[in-house]
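Peer 1: Sequence:
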Amino acid sequence: MDRTELEGELRGAFDAEEAVISVVARQARDMAEGGQFAADFDAELTPETVVDNLADAPEGYSLVERWNWWLGALDLSHGGYTRFSVRPDIERQA
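Converting from the sequence shown to our numbering requires adding 36 to each position, the first position being numbered 1.
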């Protein structure tokens with residue numbers, strides 16, 4: 037997964053600070069490179085997949101909350117995804 041492309045997609049879809057976008061994109065790339073998503077879903081993790089799933093999060097969630105919400109769902113259904121979560125306090129540091 038191209039991190040620059042994902043950052044652009046996230047920037048266009050969600051209102052978030054650059055530092056937060058960078059952290060979420062890095063975690064998504066790590067998740068893609070780890071291969072678990074591809075094995076679990078028989079599909080490549082793409083920027084579009086990430087943005088589409090994050091868009092399903094409850095209204096009003098920040099980008100970090102959306103990311104962690106999605107990872108929570110993945111972890112419940114397949115296990116092993118919490119290692120890619122983002123600390124909630126990253127938004128206060130950004």
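Hints in this document: simulated from the structure, not taken from any laboratory.
From the three backbone atoms N, C-alpha and C, an ideal C-beta is built for every residue, glycine too.
Heads up, a few of these hints could be off.
So the derived label-pair ranges between C-beta atoms look like this [as the list claims (entries may be wrong)]:
{"hint": "1", "residue 1": "78", "residue 2": "125", "range": "34 to 44 Å"}
{"hint": "2", "residue 1": "78", "residue 2": "55", "range": "17 to 27 Å"}
{"hint": "3", "residue 1": "78", "residue 2": "53", "range": "26 to 36 Å"}
{"hint": "4", "residue 1": "54", "residue 2": "78", "range": "16 to 26 Å"}
{"hint": "5", "residue 1": "71", "residue 2": "121", "range": "27 to 37 Å"}
{"hint": "6", "residue 1": "58", "residue 2": "91", "range": "14 to 24 Å"}
Peer 1: Each hint: holds or not?
Peer 2: Tested hints:
1. Between residue 78 and residue 125 the beta carbons are some 35 Å apart, a value that agrees with the proposed interval 34 to 44 Å.
2. Taking 17 to 27 Å as the suggested C-beta distance range, the pair residue 78 and residue 55 does not conform, at roughly 33 Å.
3. Our hint of 26 to 36 Å for residue 78 and residue 53 holds, since their Cβ atoms are close to 34 Å apart.
4. With their beta carbons about 33 Å apart, residue 54 and residue 78 fall outside the hinted range of 16 to 26 Å.
5. Distance hint for residue 71 and residue 121: a CB-CB separation of about 18 Å, inconsistent with the stated range 27 to 37 Å.
6. Against the hinted window of 14 to 24 Å, the Cβ-Cβ separation of residue 58 and residue 91 comes to about 19 Å, which satisfies the hint.
Of the numbered hints stated above, those contradicted by the structure are hints 2, 4, 5, listed in ascending order.
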